[in-house]
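Novice: Add chain B to chain A, keeping to what the hints say.
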Amino acid sequence: DAGITQSPRHKVTETGTPVTLRCHQTENHRYMYWYRQDPGHGLRLIHYSYGVKDTDKGEVSDGYSVSRSKTEDFLLTLESATSSQTSVYFCAISDRGANYGYTFGSGTRLTVV
Amino acid sequence: KNQVEQSPQSLIILEGKNCTLQCNYTVSPFSNLRWYKQDTGRGPVSLTIMTFSENTKSNRRYTATLDADTKQSSLHITASQLSDSASYICVVSSLTGGGNKLTFGTGTQLKVEL
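Chains as they are written, first to last, in my numbering: chain A, 73 to 185; chain B, -19 to 94.
The shape of chain A in the complex, shown without the other chains (with noise of 0.2 angstroms):
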């Protein structure tokens, strides 16, 4: 996972609170995304960045919001975390889109309880 960290790498949090991952990159890459795993589930998109200032929402955004104020920071928030976001997450990093190849980060274990 050289050029890509994410963190923390496992939190619990309460209901209610917010909560805020962090995504970092040193590969100066265009395109961030997040992903949430769950058994049962493929990889699920939940937001994604093209550039500084510009995000877009994926299949399963309800609950969450980004931002990405630098090239190498994307940052995740879930604004009032629930049991249902308790979850893996993964960012992902690709200089030309999602139609190339992908690097994850090692992933964000969330436990809302």
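Please keep in mind that the hints were generated in silico from the structure rather than gathered at the bench. Note that the Cβ used here is the ideal one computed from N, Cα and C, for glycine as well. Do not rely on the hints blindly, as some may be mistaken.
Heads up, simulated PhoX-like pairs for lysine-lysine below, C-alpha to C-alpha not over 25 angstroms straight-line [stated by the list, open to error]: (1) B/K37 - B/K81; (2) B/K37 - B/K91; (3) B/K37 - B/K51; (4) A/K125 - B/K81; (5) A/K129 - B/K(-19); (6) B/K(-19) - B/K91; (7) B/K91 - A/K129; (8) B/K37 - B/K(-3); (9) A/K125 - A/K142.
A few chain B residues facing chain A, derived, Cβ under 10 angstroms [said to hold, decoys possible]: (10) V(-16); (11) R14; (12) G87.
Specialist: Positioned in the frame of chain A, the structure of chain B alone reads:
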């Protein structure tokens, strides 16, 4: 609805043996198909990416095949090693009016034992 189905869901084999994982998809229009390996507690790592015109692609002991007519792909692992124990995920990319969309399978969990 775009779907990617993988089989088997899980598989246990002995070290040194070969195995084949299957991926069937109903994604349209097709752009490419990828296989990823995901070790426990880690993010997926790309093994191969195949376009419409490619039937076979190899990466060390991994060989992927693609039949675009039947919308099937397989991943063959030769002479398995303990380090091959992981989840293998099939991903299909489709071209849409809004850009590319990826559809992920749920993965095949492979365990290689002594």
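Novice: Decide, hint by hint, whether the structure agrees.
Specialist: Evaluated hints:
no. : hint              : result
1   : B/K37 - B/K81     : holds, 22 angstroms
2   : B/K37 - B/K91     : holds, 23 angstroms
3   : B/K37 - B/K51     : holds, 16 angstroms
4   : A/K125 - B/K81    : holds, 21 angstroms
5   : A/K129 - B/K(-19) : holds, 19 angstroms
6   : B/K(-19) - B/K91  : violated, 31 angstroms
7   : B/K91 - A/K129    : violated, 36 angstroms
8   : B/K37 - B/K(-3)   : holds, 20 angstroms
9   : A/K125 - A/K142   : holds, 8 angstroms
10  : V(-16)            : holds, 7 angstroms
11  : R14               : holds, 8 angstroms
12  : G87               : holds, 8 angstroms
When each numbered hint is compared with the structure, violations occur for hints 6, 7.
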